[in-house]
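Novice: Top line first, the protein sequences correspond to chains S and D. The first sequence begins at 0 in numbering that gives the first Met the number 0 and counts up by one. The second sequence begins at 0 in numbering that gives the first Met the number 0 and counts up by one.
Any given hint could turn out to be false.
[As the list claims (entries may be wrong)] In silico DSS-like links for lysine-lysine, alpha-carbon gap of 27 Å or less: (1) S:K103 to D:K166; (2) S:K166 to S:K107; (3) S:K227 to S:K166; (4) D:K166 to S:K73; (5) D:K82 to D:K166; (6) S:K107 to D:K164; (7) D:K226 to S:K73; (8) S:K58 to S:K27; (9) S:K126 to D:K166; (10) D:K91 to S:K73; (11) S:K103 to D:K164; (12) S:K27 to S:K73; (13) S:K107 to D:K166; (14) S:K103 to S:K73; (15) S:K166 to S:K226; (16) D:K164 to S:K126.
To be clear, the hints were calculated from the coordinates, so they are not data collected in a lab.
One-letter residues, chain by chain:
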Amino acid sequence: MLVVENLTVCYGGITALDNVSITIPDGKIVGLVGANGAGKSTTINTISGMVIPSGGNVKLDGESLLIPPQEIVKKGIVQVPEGRRIFPSITVQENLILGAYTLKGGEKVEENMQRMFELFPVLGERKNQDGGTLSGGEQQMLAIARALMSDPRILLLDEPSLGLAPKLVLEIFNMIQELNNRGLTILLVEQNAQKALNISDYAYVLETGRIVAEGEGKRIAEDPIVKKAYLGIEE
Amino acid sequence: MNLNIFFQQLINGISLGGVYALMAVGFGIIFNVLKFSNFSHGGVVAICAYLGYFLATRVAGSLWITLLATTLLGGVVGVLVEKLVFRPIRIKGRPLTYFFVNSITVAMLVQQFFSALWGYDYYPYPEFIKKTALHIGRLVVSKTYLMMLFISALVLLGLTLFLRKTKQGIAIRAASSDIWTPSLMGINTDFIISITFFIAGVLAGITGYFLGMTYTVTPFIGSFILKGIIAAIVGGMGSLTGGGIAGVLLGVVESLLIAELGAAVTPIVIYAGIIILLLVRPQGIAGKLYTIKA
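Chain D on its own, in the form it takes in the complex (with noise of 0.2 Å):
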């Protein structure tokens, strides 16, 4: 691999990472909290991405307006998921294997609905911008990818200072190592457990346009999600940093490992690395040991 070719397979790695890291977050911040893998976070995905098509082909034909409108409906959808599915089982003090079934069953769900509905088609999006790309020296690099970066960074910075700075944010940090406790403060755990699955849902509709815009739109880009969770667990699951840094990590590891070895080998030689990191430290990047039940 020449010197070019590296660093251009480096800034896609890092934007496609920075996806990666939007998942592993959003997933990871679920767990936190309520201590289930929500397979769900795959479901509202794909709901954003079809979304996002819906509002870029029909709606708007702005790129801003139509990645705004789609991370807030994002952000209802996965309200609205925590109110239906996950609510009723939580009142009823129910394990948590029933949250992870639930989970699961909301992703398949989700993708049979668009199945059904529109076949197995693929929806393109719109392209907002020219395929033109920014030449940096010898450098080549997508214009796309940079703007995906860029929000990317964004939003987990706009995240953390949330979680640091403001009381509700550090009431969903609380409630990660006890959520039975927060009440006795006065805060209401509900409304908390909906501002996470809301943010949950936020980062899923950036996520959701985002894989649309890159790949075109078919009801299996939920499954993309499968790179987020597993950037979740080699971060260390309960640990949001660690997930950000490991899905970057995973973005650039395989953008270069698909420059060296090909599309075809690159997933067998990251799954392997991922088993044979998790034997050496279980607790993954920065995680702490929790005993995950579901």
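Chain S on its own, in the form it takes in the complex (with noise of 0.2 Å):
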């Protein structure tokens, strides 16, 4: 179980989280939405060990988590960061190799790379291109397929369905709960409020750094004082 315990986080003067907690339980899909600017991706960054909080915790099943980012990767817990952050200039293939940077032995990554080209056939199909060659949804699956490279217990996905056409939005998410279906543990940052909140078992609206909403993902997401006030969405 992945516990953020009462997070805060200072860039310079300004409070980008005030006093965050969030409980990931293993097998579950959290999913954490809000506005752009109201600390998502802080909080997801602060988990991966990029950014250095002012005060709080993370803890993976109570061991503190205030370890430097590669060592982070090694407990099993990655990023799937926002924008997708694909390497362009190398292949696709060579990115999935880095994907499983922290794995020992060649055939443990051989091995994972076939999962990831049935898992994603369109990958394996391009394995040679460059990965800055591949659409955008493309890129996304390498994204996911990269993360998954490395065994990992809990995957942080920050906005997976940013700039994707409709038709990708909804593979994306069904691909994100079929990943769970499996046993992976799932934390989902999301400006698109109303899918994630579909999907998630629990989820917490985060607004201007503080929670201000939590409660199981399909109750938040008919609440409509939550939708209307935090979520930007009108009836």
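Need the complex rebuilt from these two chains, each delivered in its own frame; the hints are there to steer you.
Specialist: Written out as structure tokens, the structure is:
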């Protein structure tokens, strides 16, 4: 179980996160929604060790996670960053090899790569192409596959639907559910709140650095006050 | 120019160009990852030229042992320069101008250090390879130049394999487009940067040794790096292959022009040619367009 405890993050004099607590139980999809600038990416980047908090803690099974980012990956927590950030100048295959950087032994890497090519056949077809030549949707698949290459326990997804056509958005969300069915724990950060809440077991609503609502995903999605005030969804 | 002289100058040019290529790649690989023009590379080259001289005259009499030792020590010097000079400003998130200024400062510091310590004397390397030459038909080729050509080619080939086949090498190439994201894959960015500086230092080590062997050692030997920087820019910043090819081309053009026009006019022609080339093709031979900020 991944627990974010009373997390406070300041950039210069500005408080980006104020006393945020989130629980991500094993095997669940937890949604984190809110408007632009609410602190969603800051939360995910703090869990990944990319941002150092000024207060609070992140714990995995009770053990503090305030360690460098590469150590957090070794604990099985891997992020799919916002904007995909695949490496454009190296091939699809090389992108995946880097995803498995923490694994020891070439056989395991090869095995995982074959698994990714089954999961995302288009990546197999394009394995020798530079990452930068893929379309937006393919790049998102590559970003997810790259994260899965290290056999993570917990996947942190930052805005996976950003900039994708509606049909692809659906495909990506189906994929997230499918991964969860296979036992992966997921923290899903989204601006596309309605869709994210629908597949989340539990969800938190973030506004200007604070948690303002939490509850079962579907309940949050249907709560008219939450919808209107925090998610900008009018009936 | 008769055909004999042409071929001889061509071979000399290729092996000189091999050294330029080593410099271009050493300079370029740091630019790729950290995006600043690393003039301290010339400083490391100078340190290695003196190291090689010291090892070859005081410690061991073998070319291969002293070359190898200089090369490895060059790598260590490269890593130390990064740790002492560049890492502190990188951790503080300073702009690229700081890196640029620091790199020039290191080059000057090394130059002044050797000037103060050993004056402006010339230190000739011992003659490992007798000045005998190979006679191929009517061509006369210097053995030293052939050896330099062979080693430069071998090293660049080895580096290419490393960058293509190992996960650390792939990480270096990935970091050249994005230094932030590799840590999300569990890659220790500091370590990758250390490896990159080690590689640059190894290349500087070989360069320093070869330059020392060819020209004798002075505190200003590091300024040869200018040729490497020119090759890197002409080849295209961001493309190591382009830099390597441009290095060889530069060596060849230089050697041929010297035979035809003389040593005084050649630099004028070359530098003017480079300015024109970059006007026509600012991204260089093989480069993508980068905004070079420092």
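Novice: Confirm or reject each hint.
Specialist: Hint check results:
1. Only pairs whose Cα atoms come within 27 Å are accepted, and K103 of chain S paired with K166 of chain D is accepted, the gap being roughly 11 Å.
2. Our distance criterion of 27 Å between C-alpha atoms is broken by K166 of chain S and K107 of chain S, whose separation comes to about 33 Å.
3. About 26 Å separates the Cα atoms of K227 of chain S and K166 of chain S, which keeps this hinted pair within 27 Å; it holds.
4. For the hint linking K166 of chain D to K73 of chain S, the alpha-carbon distance of about 16 Å falls within 27 Å, and the restraint holds.
5. Among the hinted pairs, K82 of chain D with K166 of chain D is consistent with the structure: their alpha-carbon atoms are about 23 Å apart, no more than 27 Å.
6. Of the pairs offered as hints, the one joining K107 of chain S and K164 of chain D holds, with about 17 Å between alpha carbons and a cut-off of 27 Å not exceeded.
7. With a CA separation close to 44 Å, the supplied pair K226 of chain D and K73 of chain S exceeds the 27 Å bound.
8. Restraint check for K58 of chain S and K27 of chain S: satisfied, since their Cα atoms lie roughly 17 Å apart, inside the 27 Å limit.
9. Distance hint between K126 of chain S and K166 of chain D is fulfilled; the C-alpha atoms sit about 16 Å from each other, no more than 27 Å.
10. Note on K91 of chain D and K73 of chain S: the hinted pairing holds, with a Cα-Cα distance of about 26 Å set against a maximum of 27 Å.
11. Among the hinted pairs, K103 of chain S with K164 of chain D is consistent with the structure: their alpha-carbon atoms are about 16 Å apart, no more than 27 Å.
12. Simply put, K27 of chain S and K73 of chain S have alpha-carbon atoms about 21 Å apart, close enough for the 27 Å limit, and the pair holds.
13. Of the pairs offered as hints, the one joining K107 of chain S and K166 of chain D holds, with about 14 Å between alpha carbons and a cut-off of 27 Å not exceeded.
14. Restraint check for K103 of chain S and K73 of chain S: the C-alpha separation of about 11 Å stays at or below 27 Å, so the hint holds.
15. At most 27 Å may separate the alpha-carbon atoms for a hinted pair to count; K166 of chain S and K226 of chain S meet this at roughly 24 Å.
16. A hinted pair counts as satisfied when its Cα atoms are at most 27 Å apart, and K164 of chain D with K126 of chain S qualifies at roughly 15 Å.
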